[in-house]
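*Asks:* The numbering of the sequence shown is my numbering, which starts it at 1 and goes up by one.
Since the hints were derived computationally from the structure, they do not count as laboratory data.
There could be a bad hint or two in this list.
No farther apart than 25 Å at their CA atoms in a straight line, the calculated lysine-lysine pairs in the DSS-like style are these [claimed, not checked]: (1) Lys467 / Lys385; (2) Lys178 / Lys264; (3) Lys184 / Lys168; (4) Lys259 / Lys362; (5) Lys283 / Lys228.
What follows is a list of derived Cβ distance ranges for each label pair [stated by the list, open to error]: (6) Asn171 / Gly241: 52 to 60 Å; (7) Arg223 / Gln524: 34 to 42 Å; (8) Asp118 / Arg223: 38 to 46 Å; (9) Lys528 / Gln34: 26 to 34 Å; (10) Phe525 / Gln34: 45 to 53 Å.
Just so you know, even glycine gets a beta-carbon here, dropped at the ideal spot from N, CA and C.
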Amino acid sequence: MKFHRLTLAAILAAGALAAQSSIHPSISSPDRTQWFRDAKFGMFVHWGAYSVIGRHEWSREMFHIPQAEYDEYARRFNPVNFDPDAWVALAQNAGARYMVVTSKHHDGFSIYRSEVSDYDMEMTPYAGDPLKMLSQAAARRGMRLGFYHSIMDWHNPDYVPKRSWEVKEPNKGGNLDKYIGFMKEQLRELLTGYGDVAVLWFDGEWEHSTAEMRSDEIYDFIRQASPKTLINDRLFKREPGNKGDFGTPEQFVPATGMKDPSGKPILWESCVTINTDGWGYNKYETEFKTSRDLIRMLIEVVSKGGNLLLNVGPMPDGRIQDEFVTRLNAMGEWMAVNSEAIYGTTASPFARLPFFGRATVKDNVLYLHVFQWPADRRLRAPGLKNLVQSAKVLGVQGSLLRTSREGNDVLVELPSQVPDEVASVVALTLDGAPMVEPYVIQPDEKGVLHLGVESSEIETQFGQRAKKENFLGHVFLTKWTRADDVPVWRVSVPKAGRYKVELSYGAARGAAGAEYTVSAGKAQFTEKTVNTGGEMVFRTVTAGELRLEAGEQRLQVKASTTGRPAMTLEWVRLVPVT
1 MKFHRLTLAA
11 ILAAGALAAQ
21 SSIHPSISSP
31 DRTQWFRDAK
41 FGMFVHWGAY
51 SVIGRHEWSR
61 EMFHIPQAEY
71 DEYARRFNPV
81 NFDPDAWVAL
91 AQNAGARYMV
101 VTSKHHDGFS
111 IYRSEVSDYD
121 MEMTPYAGDP
131 LKMLSQAAAR
141 RGMRLGFYHS
151 IMDWHNPDYV
161 PKRSWEVKEP
171 NKGGNLDKYI
181 GFMKEQLREL
191 LTGYGDVAVL
201 WFDGEWEHST
211 AEMRSDEIYD
221 FIRQASPKTL
231 INDRLFKREP
241 GNKGDFGTPE
251 QFVPATGMKD
261 PSGKPILWES
271 CVTINTDGWG
281 YNKYETEFKT
291 SRDLIRMLIE
301 VVSKGGNLLL
311 NVGPMPDGRI
321 QDEFVTRLNA
331 MGEWMAVNSE
341 AIYGTTASPF
351 ARLPFFGRAT
361 VKDNVLYLHV
371 FQWPADRRLR
381 APGLKNLVQS
391 AKVLGVQGSL
401 LRTSREGNDV
411 LVELPSQVPD
421 EVASVVALTL
431 DGAPMVEPYV
441 IQPDEKGVLH
451 LGVESSEIET
461 QFGQRAKKEN
471 FLGHVFLTKW
481 TRADDVPVWR
491 VSVPKAGRYK
501 VELSYGAARG
511 AAGAEYTVSA
521 GKAQFTEKTV
531 NTGGEMVFRT
541 VTAGELRLEA
551 GEQRLQVKAS
561 TTGRPAMTLE
571 WVRLVPVT
(Lines of atoms letter the chains of each structure in order from A and count residues from 1; the text may use other names and numbers.)
(Lines give C-alpha, C1' and ligand atoms only; values in the text may rest on other atoms or scores of the structure.)
Protein backbone atom coordinates (compact mmCIF):
# COMPACT_ATOMS: atom_id res chain seq x y z
CA MET A 1 0.00 0.00 0.00
CA LYS A 2 1.27 3.46 -0.91
CA PHE A 3 1.28 6.37 1.48
CA HIS A 4 1.01 10.09 0.91
CA ARG A 5 4.42 11.80 0.69
CA LEU A 6 3.56 15.43 -0.01
CA THR A 7 5.39 17.88 2.21
CA LEU A 8 3.54 19.28 5.20
CA ALA A 9 4.21 22.77 3.88
CA ALA A 10 2.35 22.01 0.65
CA ILE A 11 -0.66 20.59 2.48
CA LEU A 12 -0.77 23.47 4.94
CA ALA A 13 -0.51 26.06 2.17
CA ALA A 14 -3.48 24.51 0.36
CA GLY A 15 -5.43 24.30 3.60
CA ALA A 16 -4.64 27.88 4.50
CA LEU A 17 -6.04 29.06 1.19
CA ALA A 18 -9.23 27.07 1.84
CA ALA A 19 -9.49 28.54 5.34
CA GLN A 20 -9.16 32.08 3.99
CA SER A 21 -11.78 31.59 1.30
CA SER A 22 -14.33 29.59 3.32
CA ILE A 23 -17.29 31.07 5.12
CA HIS A 24 -17.98 29.73 8.60
CA PRO A 25 -21.04 31.26 10.29
CA SER A 26 -20.53 31.78 14.00
CA ILE A 27 -21.38 28.85 16.23
CA SER A 28 -23.48 31.34 18.20
CA SER A 29 -25.70 32.02 15.19
CA PRO A 30 -29.39 32.39 16.17
CA ASP A 31 -30.18 29.38 13.98
CA ARG A 32 -27.75 26.78 15.25
CA THR A 33 -28.39 24.51 12.24
CA GLN A 34 -27.70 27.13 9.57
CA TRP A 35 -23.98 26.43 9.33
CA PHE A 36 -24.78 22.74 8.84
CA ARG A 37 -27.32 23.52 6.12
CA ASP A 38 -24.71 25.60 4.29
CA ALA A 39 -21.64 23.41 4.83
CA LYS A 40 -22.81 20.37 2.80
CA PHE A 41 -19.52 18.47 3.11
CA GLY A 42 -17.70 17.09 6.14
CA MET A 43 -14.85 14.66 6.83
CA PHE A 44 -15.42 11.73 9.19
CA VAL A 45 -12.46 10.14 11.02
CA HIS A 46 -12.53 6.66 12.61
CA TRP A 47 -9.38 6.15 14.66
CA GLY A 48 -8.58 4.16 17.78
CA ALA A 49 -7.10 0.98 19.23
CA TYR A 50 -8.65 -1.08 16.41
CA SER A 51 -6.38 0.80 13.99
CA VAL A 52 -3.45 -1.16 15.43
CA ILE A 53 -5.09 -4.41 14.29
CA GLY A 54 -5.66 -2.79 10.90
CA ARG A 55 -8.70 -4.72 9.78
CA HIS A 56 -12.00 -3.27 11.07
CA GLU A 57 -13.34 -1.09 13.88
CA TRP A 58 -15.50 -4.08 14.92
CA SER A 59 -12.45 -6.38 15.12
CA ARG A 60 -12.90 -7.34 18.76
CA GLU A 61 -16.48 -8.46 18.10
CA MET A 62 -15.87 -9.92 14.62
CA PHE A 63 -12.89 -12.04 15.62
CA HIS A 64 -13.91 -12.73 19.25
CA ILE A 65 -10.78 -11.15 20.66
CA PRO A 66 -10.71 -11.53 24.47
CA GLN A 67 -10.58 -8.26 26.39
CA ALA A 68 -7.09 -8.87 27.81
CA GLU A 69 -5.71 -9.59 24.35
CA TYR A 70 -7.43 -6.56 22.86
CA ASP A 71 -5.97 -4.38 25.62
CA GLU A 72 -2.49 -5.23 24.35
CA TYR A 73 -3.40 -3.65 21.00
CA ALA A 74 -4.70 -0.58 22.83
CA ARG A 75 -1.37 -0.27 24.69
CA ARG A 76 0.43 -0.24 21.34
CA PHE A 77 -1.59 2.69 19.99
CA ASN A 78 1.21 5.23 19.50
CA PRO A 79 0.45 7.88 16.83
CA VAL A 80 3.97 9.32 16.59
CA ASN A 81 3.29 10.69 13.07
CA PHE A 82 -0.01 12.35 13.95
CA ASP A 83 -0.08 15.93 12.63
CA PRO A 84 -3.43 17.55 13.48
CA ASP A 85 -2.75 20.62 11.32
CA ALA A 86 -2.14 18.38 8.31
CA TRP A 87 -5.41 16.53 8.97
CA VAL A 88 -7.38 19.76 9.10
CA ALA A 89 -5.59 21.11 6.03
CA LEU A 90 -6.39 17.92 4.11
CA ALA A 91 -10.08 18.27 4.96
CA GLN A 92 -10.12 21.95 4.01
CA ASN A 93 -8.27 21.34 0.78
CA ALA A 94 -10.92 18.76 -0.14
CA GLY A 95 -13.64 21.35 0.45
CA ALA A 96 -14.95 19.93 3.73
CA ARG A 97 -16.45 22.54 6.05
CA TYR A 98 -16.48 20.41 9.22
CA MET A 99 -14.89 17.32 10.73
CA VAL A 100 -16.23 14.60 13.04
CA VAL A 101 -13.74 12.33 14.82
CA THR A 102 -14.34 9.27 17.02
CA SER A 103 -13.82 10.10 20.69
CA LYS A 104 -14.82 6.56 21.72
CA HIS A 105 -15.99 3.67 19.55
CA HIS A 106 -17.85 0.51 20.62
CA ASP A 107 -14.63 -1.01 22.02
CA GLY A 108 -14.78 1.60 24.81
CA PHE A 109 -11.30 3.02 24.20
CA SER A 110 -11.19 6.84 24.33
CA ILE A 111 -8.64 8.60 22.14
CA TYR A 112 -8.30 11.43 24.63
CA ARG A 113 -7.24 11.73 28.27
CA SER A 114 -10.40 11.21 30.29
CA GLU A 115 -10.58 11.96 34.01
CA VAL A 116 -13.30 9.33 34.50
CA SER A 117 -11.71 6.43 32.59
CA ASP A 118 -8.35 4.70 32.56
CA TYR A 119 -9.18 2.99 29.25
CA ASP A 120 -7.85 5.87 27.19
CA MET A 121 -4.63 7.49 25.94
CA GLU A 122 -3.08 7.19 29.41
CA MET A 123 -2.45 3.47 28.82
CA THR A 124 -0.51 4.14 25.60
CA PRO A 125 3.10 5.26 25.04
CA TYR A 126 1.84 8.48 23.45
CA ALA A 127 2.29 11.54 25.66
CA GLY A 128 -0.25 13.81 24.00
CA ASP A 129 -4.04 14.09 23.80
CA PRO A 130 -5.00 13.61 20.12
CA LEU A 131 -8.47 15.13 20.53
CA LYS A 132 -7.08 18.17 22.32
CA MET A 133 -4.44 18.62 19.62
CA LEU A 134 -7.01 18.25 16.83
CA SER A 135 -9.46 20.65 18.48
CA GLN A 136 -6.71 23.25 18.81
CA ALA A 137 -5.67 22.80 15.17
CA ALA A 138 -9.29 23.07 14.04
CA ALA A 139 -9.74 26.29 16.02
CA ARG A 140 -6.54 27.75 14.52
CA ARG A 141 -7.70 26.99 10.99
CA GLY A 142 -11.39 27.90 11.31
CA MET A 143 -12.64 24.32 10.98
CA ARG A 144 -15.71 23.15 12.87
CA LEU A 145 -15.08 19.95 14.84
CA GLY A 146 -17.51 17.41 16.25
CA PHE A 147 -17.15 14.15 18.13
CA TYR A 148 -18.52 10.69 17.42
CA HIS A 149 -19.35 8.94 20.70
CA SER A 150 -20.52 5.35 21.06
CA ILE A 151 -23.40 4.57 23.38
CA MET A 152 -22.45 0.90 23.28
CA ASP A 153 -19.32 0.05 25.30
CA TRP A 154 -17.76 -3.42 25.19
CA HIS A 155 -15.19 -2.59 27.90
CA ASN A 156 -17.09 -0.80 30.66
CA PRO A 157 -18.21 -3.35 33.31
CA ASP A 158 -21.44 -1.42 33.94
CA TYR A 159 -22.64 -1.66 30.33
CA VAL A 160 -25.00 -4.47 29.38
CA PRO A 161 -25.53 -6.53 27.37
CA LYS A 162 -22.10 -8.14 27.36
CA ARG A 163 -20.88 -9.95 24.26
CA SER A 164 -22.68 -13.27 23.90
CA TRP A 165 -19.47 -15.05 22.90
CA GLU A 166 -17.74 -13.90 26.11
CA VAL A 167 -20.32 -14.69 28.77
CA LYS A 168 -23.15 -17.18 29.14
CA GLU A 169 -25.71 -14.61 30.32
CA PRO A 170 -25.03 -11.32 28.48
CA ASN A 171 -27.81 -9.37 30.21
CA LYS A 172 -26.79 -10.22 33.75
CA GLY A 173 -24.60 -8.00 35.89
CA GLY A 174 -23.67 -4.44 35.10
CA ASN A 175 -25.44 -1.28 36.12
CA LEU A 176 -26.89 0.66 33.22
CA ASP A 177 -27.76 3.70 35.36
CA LYS A 178 -24.19 3.89 36.56
CA TYR A 179 -22.96 3.54 32.98
CA ILE A 180 -25.19 6.41 31.84
CA GLY A 181 -23.67 8.55 34.59
CA PHE A 182 -20.21 7.66 33.28
CA MET A 183 -21.24 8.48 29.71
CA LYS A 184 -22.60 11.87 30.78
CA GLU A 185 -19.31 12.69 32.51
CA GLN A 186 -17.37 11.84 29.37
CA LEU A 187 -19.73 14.03 27.35
CA ARG A 188 -19.18 16.83 29.86
CA GLU A 189 -15.42 16.49 29.36
CA LEU A 190 -15.80 16.76 25.60
CA LEU A 191 -18.22 19.69 25.74
CA THR A 192 -16.23 21.74 28.23
CA GLY A 193 -12.60 20.88 27.53
CA TYR A 194 -12.26 20.69 23.75
CA GLY A 195 -13.40 24.03 22.39
CA ASP A 196 -16.66 24.68 20.57
CA VAL A 197 -18.13 21.27 19.76
CA ALA A 198 -20.08 21.55 16.53
CA VAL A 199 -21.68 18.08 16.62
CA LEU A 200 -22.17 15.15 18.96
CA TRP A 201 -22.52 12.15 16.66
CA PHE A 202 -23.92 9.19 18.59
CA ASP A 203 -23.91 5.55 17.48
CA GLY A 204 -24.51 2.08 18.94
CA GLU A 205 -27.99 2.87 20.22
CA TRP A 206 -29.78 -0.23 19.00
CA GLU A 207 -29.20 -2.48 22.04
CA HIS A 208 -31.52 -0.39 24.24
CA SER A 209 -34.76 1.54 24.08
CA THR A 210 -34.81 5.31 24.36
CA ALA A 211 -36.30 4.96 27.84
CA GLU A 212 -33.62 2.52 29.01
CA MET A 213 -30.83 4.85 27.88
CA ARG A 214 -32.63 7.91 29.31
CA SER A 215 -32.08 9.59 25.96
CA ASP A 216 -34.30 12.59 26.76
CA GLU A 217 -32.27 13.24 29.90
CA ILE A 218 -28.99 13.06 27.98
CA TYR A 219 -30.42 15.32 25.29
CA ASP A 220 -31.39 17.96 27.87
CA PHE A 221 -27.99 17.59 29.55
CA ILE A 222 -26.21 18.35 26.26
CA ARG A 223 -28.51 21.25 25.45
CA GLN A 224 -27.77 22.82 28.83
CA ALA A 225 -24.01 22.26 28.64
CA SER A 226 -23.62 23.38 25.01
CA PRO A 227 -26.81 24.85 23.50
CA LYS A 228 -25.40 25.27 19.98
CA THR A 229 -24.01 21.76 19.60
CA LEU A 230 -25.94 19.68 17.04
CA ILE A 231 -27.07 16.19 18.04
CA ASN A 232 -27.63 13.45 15.48
CA ASP A 233 -30.62 11.13 15.41
CA ARG A 234 -28.87 8.10 16.93
CA LEU A 235 -29.25 9.26 20.51
CA PHE A 236 -32.83 8.08 20.00
CA LYS A 237 -34.52 5.35 17.99
CA ARG A 238 -33.16 5.91 14.50
CA GLU A 239 -36.18 7.13 12.55
CA PRO A 240 -37.02 10.32 10.60
CA GLY A 241 -38.50 13.12 12.69
CA ASN A 242 -37.10 12.19 16.12
CA LYS A 243 -35.56 14.85 18.40
CA GLY A 244 -32.16 14.72 16.73
CA ASP A 245 -31.09 17.67 14.59
CA PHE A 246 -30.40 15.54 11.53
CA GLY A 247 -30.83 12.02 10.16
CA THR A 248 -27.89 9.76 9.37
CA PRO A 249 -28.39 7.30 6.51
CA GLU A 250 -25.31 5.08 6.48
CA GLN A 251 -23.49 3.85 3.37
CA PHE A 252 -26.26 4.90 0.98
CA VAL A 253 -27.95 7.94 -0.54
CA PRO A 254 -31.75 8.09 0.00
CA ALA A 255 -33.63 8.06 -3.29
CA THR A 256 -35.60 11.23 -2.52
CA GLY A 257 -33.85 12.71 0.51
CA MET A 258 -35.39 12.37 3.99
CA LYS A 259 -38.76 13.52 5.35
CA ASP A 260 -40.49 13.36 8.70
CA PRO A 261 -43.79 11.42 9.11
CA SER A 262 -45.76 14.47 7.92
CA GLY A 263 -43.79 14.59 4.66
CA LYS A 264 -41.74 17.66 5.58
CA PRO A 265 -38.07 17.53 4.49
CA ILE A 266 -35.62 17.21 7.37
CA LEU A 267 -31.90 17.78 7.72
CA TRP A 268 -29.86 14.68 6.93
CA GLU A 269 -26.31 13.58 6.35
CA SER A 270 -25.15 10.48 4.48
CA CYS A 271 -22.08 8.99 6.13
CA VAL A 272 -20.04 7.02 3.62
CA THR A 273 -16.63 5.37 3.46
CA ILE A 274 -14.10 5.89 0.67
CA ASN A 275 -13.06 2.26 0.97
CA THR A 276 -15.40 -0.72 0.98
CA ASP A 277 -14.80 -2.81 4.09
CA GLY A 278 -14.95 -0.97 7.40
CA TRP A 279 -14.61 2.53 8.81
CA GLY A 280 -11.32 2.18 10.67
CA TYR A 281 -7.93 1.58 9.10
CA ASN A 282 -7.92 -1.59 6.99
CA LYS A 283 -4.48 -2.54 5.71
CA TYR A 284 -6.04 -5.36 3.68
CA GLU A 285 -8.41 -3.12 1.73
CA THR A 286 -8.22 -3.35 -2.07
CA GLU A 287 -11.41 -1.60 -3.26
CA PHE A 288 -11.85 2.16 -3.08
CA LYS A 289 -14.43 4.47 -4.60
CA THR A 290 -12.96 6.62 -7.35
CA SER A 291 -12.73 10.39 -7.12
CA ARG A 292 -15.33 10.42 -9.90
CA ASP A 293 -17.68 8.37 -7.69
CA LEU A 294 -17.12 10.66 -4.72
CA ILE A 295 -17.61 13.95 -6.57
CA ARG A 296 -20.83 12.70 -8.13
CA MET A 297 -21.99 11.33 -4.78
CA LEU A 298 -21.43 14.73 -3.15
CA ILE A 299 -23.48 16.37 -5.90
CA GLU A 300 -26.26 13.78 -5.60
CA VAL A 301 -26.49 14.15 -1.82
CA VAL A 302 -26.59 17.94 -1.99
CA SER A 303 -29.14 17.88 -4.83
CA LYS A 304 -31.43 15.91 -2.51
CA GLY A 305 -31.04 18.36 0.37
CA GLY A 306 -28.42 16.50 2.39
CA ASN A 307 -24.82 16.68 3.57
CA LEU A 308 -22.05 14.19 2.82
CA LEU A 309 -19.84 13.02 5.71
CA LEU A 310 -16.97 11.20 4.00
CA ASN A 311 -14.84 8.89 6.13
CA VAL A 312 -11.12 8.23 6.39
CA GLY A 313 -9.53 5.65 8.69
CA PRO A 314 -6.00 6.85 9.61
CA MET A 315 -3.20 4.42 10.34
CA PRO A 316 -2.28 3.81 13.98
CA ASP A 317 0.78 6.05 13.67
CA GLY A 318 -1.39 8.99 12.59
CA ARG A 319 -0.71 9.02 8.87
CA ILE A 320 -3.54 9.05 6.34
CA GLN A 321 -2.92 6.68 3.46
CA ASP A 322 -2.45 7.90 -0.08
CA GLU A 323 -5.63 6.23 -1.39
CA PHE A 324 -7.63 8.64 0.76
CA VAL A 325 -5.45 11.70 0.22
CA THR A 326 -5.42 11.54 -3.59
CA ARG A 327 -9.19 11.21 -3.75
CA LEU A 328 -9.80 14.04 -1.30
CA ASN A 329 -7.39 16.25 -3.23
CA ALA A 330 -9.25 15.47 -6.48
CA MET A 331 -12.50 16.50 -4.81
CA GLY A 332 -10.80 19.72 -3.74
CA GLU A 333 -9.75 20.46 -7.32
CA TRP A 334 -13.34 20.08 -8.48
CA MET A 335 -14.64 22.17 -5.58
CA ALA A 336 -12.14 24.94 -6.33
CA VAL A 337 -14.02 25.51 -9.61
CA ASN A 338 -17.58 24.55 -8.68
CA SER A 339 -18.08 25.09 -4.94
CA GLU A 340 -20.63 27.86 -5.46
CA ALA A 341 -22.95 25.14 -6.78
CA ILE A 342 -22.54 23.19 -3.50
CA TYR A 343 -22.13 25.48 -0.47
CA GLY A 344 -25.27 27.20 0.74
CA THR A 345 -27.48 25.58 -1.90
CA THR A 346 -30.84 23.92 -1.52
CA ALA A 347 -32.28 20.77 -3.06
CA SER A 348 -33.11 20.38 -6.72
CA PRO A 349 -36.53 21.71 -7.77
CA PHE A 350 -36.77 18.72 -10.14
CA ALA A 351 -37.91 15.32 -8.89
CA ARG A 352 -36.02 13.84 -11.84
CA LEU A 353 -34.24 15.01 -14.97
CA PRO A 354 -34.13 13.87 -18.61
CA PHE A 355 -30.30 14.03 -18.70
CA PHE A 356 -27.63 12.31 -16.63
CA GLY A 357 -26.93 14.79 -13.88
CA ARG A 358 -28.34 16.68 -10.92
CA ALA A 359 -29.45 20.19 -9.95
CA THR A 360 -28.95 22.53 -7.00
CA VAL A 361 -30.27 26.03 -6.27
CA LYS A 362 -29.02 29.17 -4.59
CA ASP A 363 -31.47 32.07 -4.54
CA ASN A 364 -32.28 32.76 -8.22
CA VAL A 365 -29.43 30.67 -9.68
CA LEU A 366 -30.16 27.15 -10.89
CA TYR A 367 -27.09 24.93 -11.18
CA LEU A 368 -27.30 22.00 -13.58
CA HIS A 369 -24.57 19.44 -12.84
CA VAL A 370 -24.03 17.55 -16.10
CA PHE A 371 -22.41 14.11 -15.86
CA GLN A 372 -22.74 13.31 -19.56
CA TRP A 373 -22.77 15.96 -22.28
CA PRO A 374 -25.87 15.45 -24.45
CA ALA A 375 -24.95 14.18 -27.90
CA ASP A 376 -26.84 17.05 -29.55
CA ARG A 377 -25.35 19.56 -27.06
CA ARG A 378 -28.86 20.66 -26.05
CA LEU A 379 -29.39 20.56 -22.30
CA ARG A 380 -33.05 20.38 -21.30
CA ALA A 381 -34.38 21.91 -18.07
CA PRO A 382 -37.85 20.34 -17.99
CA GLY A 383 -40.87 22.40 -16.97
CA LEU A 384 -38.84 25.45 -15.97
CA LYS A 385 -41.26 28.40 -15.95
CA ASN A 386 -38.74 31.17 -15.27
CA LEU A 387 -37.13 33.54 -17.69
CA VAL A 388 -33.42 32.85 -18.05
CA GLN A 389 -31.37 36.03 -17.72
CA SER A 390 -28.01 34.41 -18.40
CA ALA A 391 -26.35 31.02 -18.71
CA LYS A 392 -22.71 30.02 -18.32
CA VAL A 393 -20.43 27.11 -17.52
CA LEU A 394 -18.63 27.50 -14.21
CA GLY A 395 -14.87 27.79 -14.55
CA VAL A 396 -14.96 28.62 -18.27
CA GLN A 397 -14.31 32.27 -19.07
CA GLY A 398 -16.50 33.86 -21.70
CA SER A 399 -18.86 30.89 -21.69
CA LEU A 400 -22.17 32.74 -22.04
CA LEU A 401 -24.59 30.25 -23.52
CA ARG A 402 -27.67 30.67 -25.68
CA THR A 403 -31.00 29.51 -24.30
CA SER A 404 -34.39 28.99 -25.91
CA ARG A 405 -37.77 27.61 -24.99
CA GLU A 406 -39.41 24.48 -26.36
CA GLY A 407 -42.88 23.99 -24.97
CA ASN A 408 -42.59 23.94 -21.17
CA ASP A 409 -38.85 23.32 -21.25
CA VAL A 410 -35.79 25.54 -21.40
CA LEU A 411 -33.02 24.43 -23.76
CA VAL A 412 -29.40 25.42 -23.23
CA GLU A 413 -26.98 25.22 -26.15
CA LEU A 414 -23.76 23.73 -24.81
CA PRO A 415 -20.25 24.19 -26.21
CA SER A 416 -18.72 21.29 -28.13
CA GLN A 417 -15.90 20.88 -25.62
CA VAL A 418 -16.81 19.14 -22.35
CA PRO A 419 -15.21 21.18 -19.53
CA ASP A 420 -15.13 18.35 -16.99
CA GLU A 421 -16.13 14.80 -17.85
CA VAL A 422 -16.83 14.04 -14.18
CA ALA A 423 -19.30 16.87 -13.69
CA SER A 424 -19.59 20.18 -15.53
CA VAL A 425 -21.82 22.82 -13.97
CA VAL A 426 -24.11 25.07 -16.02
CA ALA A 427 -25.38 28.05 -14.03
CA LEU A 428 -28.70 29.60 -15.08
CA THR A 429 -29.47 33.00 -13.58
CA LEU A 430 -33.26 33.29 -13.47
CA ASP A 431 -35.78 36.07 -12.89
CA GLY A 432 -36.54 34.64 -9.45
CA ALA A 433 -36.49 31.44 -7.48
CA PRO A 434 -36.92 28.42 -9.79
CA MET A 435 -40.49 27.42 -10.54
CA VAL A 436 -40.98 24.09 -12.29
CA GLU A 437 -43.74 21.80 -13.39
CA PRO A 438 -43.18 18.17 -12.31
CA TYR A 439 -41.32 16.14 -14.91
CA VAL A 440 -42.85 12.77 -15.70
CA ILE A 441 -41.64 10.59 -18.55
CA GLN A 442 -44.11 10.97 -21.41
CA PRO A 443 -44.74 8.66 -24.39
CA ASP A 444 -43.52 9.55 -27.86
CA GLU A 445 -45.84 10.00 -30.84
CA LYS A 446 -46.27 6.22 -31.11
CA GLY A 447 -47.15 5.83 -27.46
CA VAL A 448 -43.75 4.30 -26.61
CA LEU A 449 -42.27 5.12 -23.19
CA HIS A 450 -38.47 5.21 -22.99
CA LEU A 451 -37.07 4.91 -19.47
CA GLY A 452 -33.36 5.66 -19.42
CA VAL A 453 -31.35 4.82 -16.32
CA GLU A 454 -30.42 8.51 -16.10
CA SER A 455 -34.05 9.32 -15.21
CA SER A 456 -34.36 6.66 -12.51
CA GLU A 457 -33.70 6.88 -8.80
CA ILE A 458 -32.10 4.01 -6.90
CA GLU A 459 -34.20 3.01 -3.91
CA THR A 460 -31.83 1.38 -1.45
CA GLN A 461 -30.66 1.07 2.15
CA PHE A 462 -27.51 0.37 4.16
CA GLY A 463 -24.69 -0.96 1.99
CA GLN A 464 -25.64 0.49 -1.41
CA ARG A 465 -23.50 -0.83 -4.24
CA ALA A 466 -25.40 -0.03 -7.44
CA LYS A 467 -24.58 3.25 -9.11
CA LYS A 468 -25.20 5.09 -12.36
CA GLU A 469 -22.26 5.49 -14.71
CA ASN A 470 -21.56 6.57 -18.27
CA PHE A 471 -19.12 5.35 -20.91
CA LEU A 472 -18.92 5.57 -24.70
CA GLY A 473 -22.23 7.41 -24.91
CA HIS A 474 -24.12 4.95 -22.72
CA VAL A 475 -25.62 5.70 -19.29
CA PHE A 476 -26.17 2.56 -17.27
CA LEU A 477 -26.58 0.96 -13.87
CA THR A 478 -23.46 -0.87 -12.74
CA LYS A 479 -22.20 -2.62 -9.56
CA TRP A 480 -25.72 -4.09 -9.33
CA THR A 481 -24.86 -6.89 -6.92
CA ARG A 482 -27.63 -6.42 -4.32
CA ALA A 483 -31.35 -7.07 -4.52
CA ASP A 484 -31.86 -4.11 -2.16
CA ASP A 485 -30.69 -1.65 -4.84
CA VAL A 486 -33.74 -1.03 -7.03
CA PRO A 487 -33.97 1.43 -9.96
CA VAL A 488 -37.37 3.15 -10.05
CA TRP A 489 -39.05 5.38 -12.63
CA ARG A 490 -42.20 7.54 -12.65
CA VAL A 491 -44.00 7.39 -16.00
CA SER A 492 -47.22 8.74 -17.45
CA VAL A 493 -49.11 5.90 -19.14
CA PRO A 494 -51.39 7.42 -21.83
CA LYS A 495 -53.97 4.63 -21.80
CA ALA A 496 -54.60 1.34 -20.05
CA GLY A 497 -53.54 -1.80 -21.88
CA ARG A 498 -50.80 -4.30 -22.58
CA TYR A 499 -47.26 -3.10 -23.04
CA LYS A 500 -44.33 -5.07 -24.36
CA VAL A 501 -41.30 -4.56 -22.11
CA GLU A 502 -37.90 -4.28 -23.77
CA LEU A 503 -34.62 -3.90 -21.91
CA SER A 504 -31.20 -2.83 -23.10
CA TYR A 505 -28.48 -4.38 -20.98
CA GLY A 506 -25.12 -6.03 -20.97
CA ALA A 507 -24.41 -9.34 -19.27
CA ALA A 508 -21.33 -11.53 -19.36
CA ARG A 509 -21.48 -15.30 -19.43
CA GLY A 510 -21.20 -15.55 -15.64
CA ALA A 511 -24.22 -13.27 -15.15
CA ALA A 512 -26.47 -15.09 -17.63
CA GLY A 513 -29.43 -16.74 -15.97
CA ALA A 514 -29.79 -14.16 -13.18
CA GLU A 515 -33.44 -13.49 -12.38
CA TYR A 516 -34.99 -10.04 -12.40
CA THR A 517 -38.55 -8.83 -11.89
CA VAL A 518 -40.17 -5.90 -13.69
CA SER A 519 -43.25 -4.50 -11.95
CA ALA A 520 -45.65 -1.57 -12.11
CA GLY A 521 -48.67 -1.43 -9.83
CA LYS A 522 -50.14 -4.93 -9.57
CA ALA A 523 -48.57 -6.12 -12.82
CA GLN A 524 -45.24 -7.91 -12.87
CA PHE A 525 -43.23 -10.67 -14.49
CA THR A 526 -39.92 -12.40 -13.82
CA GLU A 527 -37.32 -13.20 -16.46
CA LYS A 528 -33.69 -14.29 -16.64
CA THR A 529 -30.77 -12.46 -18.21
CA VAL A 530 -29.05 -13.77 -21.32
CA ASN A 531 -25.40 -13.58 -22.26
CA THR A 532 -24.96 -10.51 -24.46
CA GLY A 533 -21.24 -11.03 -25.03
CA GLY A 534 -20.02 -8.90 -22.13
CA GLU A 535 -21.19 -6.58 -19.36
CA MET A 536 -20.58 -3.56 -21.62
CA VAL A 537 -22.01 -5.16 -24.77
CA PHE A 538 -25.56 -3.81 -24.82
CA ARG A 539 -28.36 -5.74 -26.50
CA THR A 540 -32.08 -5.06 -26.69
CA VAL A 541 -34.05 -7.95 -25.21
CA THR A 542 -37.82 -8.44 -25.20
CA ALA A 543 -38.39 -9.43 -21.60
CA GLY A 544 -42.17 -9.80 -21.25
CA GLU A 545 -45.46 -7.92 -21.00
CA LEU A 546 -47.20 -5.76 -18.42
CA ARG A 547 -50.85 -4.71 -18.30
CA LEU A 548 -50.75 -1.10 -17.11
CA GLU A 549 -53.40 1.28 -15.85
CA ALA A 550 -53.67 4.76 -17.33
CA GLY A 551 -52.06 7.66 -15.49
CA GLU A 552 -48.86 8.07 -13.52
CA GLN A 553 -47.21 4.77 -12.67
CA ARG A 554 -44.19 3.67 -10.66
CA LEU A 555 -42.10 1.09 -12.50
CA GLN A 556 -39.17 -0.79 -11.01
CA VAL A 557 -36.70 -3.50 -11.94
CA LYS A 558 -35.61 -5.70 -9.03
CA ALA A 559 -32.69 -8.07 -9.47
CA SER A 560 -32.32 -11.35 -7.58
CA THR A 561 -28.57 -11.25 -7.10
CA THR A 562 -26.17 -13.29 -5.00
CA GLY A 563 -23.15 -11.04 -5.01
CA ARG A 564 -22.52 -11.01 -8.76
CA PRO A 565 -23.79 -8.23 -11.03
CA ALA A 566 -27.21 -9.12 -12.42
CA MET A 567 -26.68 -7.01 -15.53
CA THR A 568 -25.53 -3.61 -16.70
CA LEU A 569 -28.92 -2.00 -17.32
CA GLU A 570 -29.15 0.87 -19.81
CA TRP A 571 -32.87 1.42 -20.34
CA VAL A 572 -36.38 0.00 -20.22
CA ARG A 573 -38.84 0.58 -23.05
CA LEU A 574 -42.62 0.13 -22.89
CA VAL A 575 -44.23 -0.49 -26.30
CA PRO A 576 -48.03 -0.57 -26.53
CA VAL A 577 -49.38 -3.88 -27.86
CA THR A 578 -51.99 -3.33 -30.54
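*Asks:* Could you work out which of the previously given hints the structure breaks and list their numbers from low to high?
*Replies:* 1, 2, 3, 5, 6, 7, 8, 9
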